[in-house]
Amino acid sequence: MSQQFDVVVIGGGPGGYVAAIRAAQLGFSTACVDAFVGKRGKPALGGTCLNVGCIPSKALLQSSENFHAAQHDFARHGITVEGVKIDVPAMIERKDGIVDKLTGGIGFLLKKNKVASLHGVASLKSRENERWVVEVAVDGKVVDTVHATHVILATGSRPRPLPGVAVDNVTVLDNEGALNLTAVPARLGVIGAGVIGLEMGSVWKRLGAEVTILEAMPTFLAAADQQIAKEALRTFTRDQGLDIQLGVKIGEIKNLGDKVTVAYELNGEQKLAEFDKLIVSIGRVPNTDGLGAGNVGLQVDERGFVVVDEHCHTNLPNMWAIGDVVRGPMLAHKASEEGVAVAERIAGQKPHVDFGAIPWVIYTSPEIAWVGKTEEQLKAEGIEYKKGTSGFAANGRALGLDHAQGTVKLLACAKTDRVLGVHMIGPMVSELVTEGVLALEFKAASEDLARIVHAHPSLSEVVHEAALAADKRALHG
Numbered sequence: 001m002s003q004q005f006d007v008v009v010i011g012g013g014p015g016g017y018v019a020a021i022r023a024a025q026l027g028f029s030t031a032c033v034d035a036f037v038g039k040r041g042k043p044a045l046g047g048t049c050l051n052v053g054c055i056p057s058k059a060l061l062q063s064s065e066n067f068h069a070a071q072h073d074f075a076r077h078g079i080t081v082e083g084v085k086i087d088v089p090a091m092i093e094r095k096d097g098i099v100d101k102l103t104g105g106i107g108f109l110l111k112k113n114k115v116a117s118l119h120g121v122a123s124l125k126s127r128e129n130e131r132w133v134v135e136v137a138v139d140g141k142v143v144d145t146v147h148a149t150h151v152i153l154a155t156g157s158r159p160r161p162l163p164g165v166a167v168d169n170v171t172v173l174d175n176e177g178a179l180n181l182t183a184v185p186a187r188l189g190v191i192g193a194g195v196i197g198l199e200m201g202s203v204w205k206r207l208g209a210e211v212t213i214l215e216a217m218p219t220f221l222a223a224a225d226q227q228i229a230k231e232a233l234r235t236f237t238r239d240q241g242l243d244i245q246l247g248v249k250i251g252e253i254k255n256l257g258d259k260v261t262v263a264y265e266l267n268g269e270q271k272l273a274e275f276d277k278l279i280v281s282i283g284r285v286p287n288t289d290g291l292g293a294g295n296v297g298l299q300v301d302e303r304g305f306v307v308v309d310e311h312c313h314t315n316l317p318n319m320w321a322i323g324d325v326v327r328g329p330m331l332a333h334k335a336s337e338e339g340v341a342v343a344e345r346i347a348g349q350k351p352h353v354d355f356g357a358i359p360w361v362i363y364t365s366p367e368i369a370w371v372g373k374t375e376e377q378l379k380a381e382g383i384e385y386k387k388g389t390s391g392f393a394a395n396g397r398a399l400g401l402d403h404a405q406g407t408v409k410l411l412a413c414a415k416t417d418r419v420l421g422v423h424m425i426g427p428m429v430s431e432l433v434t435e436g437v438l439a440l441e442f443k444a445a446s447e448d449l450a451r452i453v454h455a456h457p458s459l460s461e462v463v464h465e466a467a468l469a470a471d472k473r474a475l476h477g
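Numbering of the sequence shown is given in full-length UniProt numbering, commencing with residue 1 and proceeding in unit increments.
Hints should not be assumed to be uniformly reliable.
Subject to a maximum C-alpha distance of 25 Å in a straight line, what follows is the list of computed DSS-like cross-link-like pairs (lysine-lysine) [claimed, not checked]: (1) Lys141 with Lys42; (2) Lys230 with Lys259; (3) Lys114 with Lys42; (4) Lys111 with Lys101; (5) Lys443 with Lys350; (6) Lys42 with Lys85; (7) Lys141 with Lys39; (8) Lys230 with Lys254; (9) Lys42 with Lys101; (10) Lys112 with Lys125; (11) Lys259 with Lys271; (12) Lys387 with Lys230; (13) Lys350 with Lys386; (14) Lys259 with Lys249; (15) Lys387 with Lys443; (16) Lys230 with Lys42.
Just so you know, the hints here were simulated from the structure itself, not pulled from any lab data. Only a predicted model underlies this, so the values are computations on that prediction, with no experimental measurement involved.
Using the sequences plus the hints, can you model the full thing?
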């Protein structure tokens, strides 16, 4: 079957489906092609983030936090609970239900906006009469041929493989397998102390596993501000009992069926660890294999990323790429904003995405979040700055929540007072960091944040206090 559209979007993740909806809103006939098959064996929109990434992991994080609170925190609130037990299959079913609800919601939104939703693997075939030809295949058989004036590539990413290590999602797991364990492993190993490794390690640690995280880099969370990273490392290791080993050189990994052994070197010493399950989380690579780039001359770099300019335009006319397949952080919200921007550029508008004001969040407990420059980056760039810090320890709302650990740090230009970076560790900082995003986006000064009235009692008062501290006029510190 052959179909004609103004815009075809390849990929139904956070970047792709949003781009398709926005294009349709702007009056373009639009199709969204997606190949993902969900856990229940049916097509599932939403990509990695919704199906096997950010959404299901947050559901399990909350379940694990509830269990930990019932075990360790309820008594302080005068609540006595006896015989607290874990029902892991029930936790997984709840997580799956959330995923089902949201994937179904995306399907509804596409239908509401009159976006044609096609299931299958899309590949670029050719360009004919100034229109792109895209083939859609299921099980290797072409089921649709789509002709479109514009193509938006939003094919996402997949876990980076560890050479010589096969992921079976039984004993050796990737992010998908880590979200679908049916029981708590006694000993869990994690290779990689990035976002996925820390979040999944935190989940299973709170549920009772003994967790060891092996990280090749000598610096913990090298992308984060190191004051915040060091506080996080102390909290995770000292207070929560995660065994995080840095500067590790991984050797041979043996999957023995019911367990896995990992040989590694640490500080010149050879070690051998044995785990019931092993999560491999060493980053992600773009999904450009099989896209048909060679058929049409699409430029892809040596790492597999589609080469684009600052407007997400490729080297080919009317072909765009967004999200994990292009430069920049692999973040769902970055992909979504790029998707909206590309649809609006196709319509002749001049949208804006500030890549210097994209927030990062790690959903551990406490959470970690940041936006803008770190103190290390400012020093390296020779930028004169001032800083203000404030803690949650004396914040009334944080104390009431029983989560009073953490710090907010604000960095501002010493000459102009313009906010350059905001870095946080603490309760619900995923919600607080947006104040920093707003400040960077609109080039606000630390004084602007200091003069905004913040509700009392609220966690946001810690941001207010950090802004005051940047001008050496903190009221509570």
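Evaluation of the provided hints:
no. : hint               : in the structure
1   : Lys141 with Lys42  : holds, 18 Å
2   : Lys230 with Lys259 : violated, 32 Å
3   : Lys114 with Lys42  : holds, 21 Å
4   : Lys111 with Lys101 : holds, 16 Å
5   : Lys443 with Lys350 : holds, 20 Å
6   : Lys42 with Lys85   : violated, 32 Å
7   : Lys141 with Lys39  : holds, 22 Å
8   : Lys230 with Lys254 : violated, 32 Å
9   : Lys42 with Lys101  : holds, 14 Å
10  : Lys112 with Lys125 : violated, 30 Å
11  : Lys259 with Lys271 : holds, 17 Å
12  : Lys387 with Lys230 : holds, 17 Å
13  : Lys350 with Lys386 : violated, 34 Å
14  : Lys259 with Lys249 : holds, 21 Å
15  : Lys387 with Lys443 : holds, 16 Å
16  : Lys230 with Lys42  : violated, 43 Å
The structure is inconsistent with the numbered hints 2, 6, 8, 10, 13, 16, although it conforms to all the rest.
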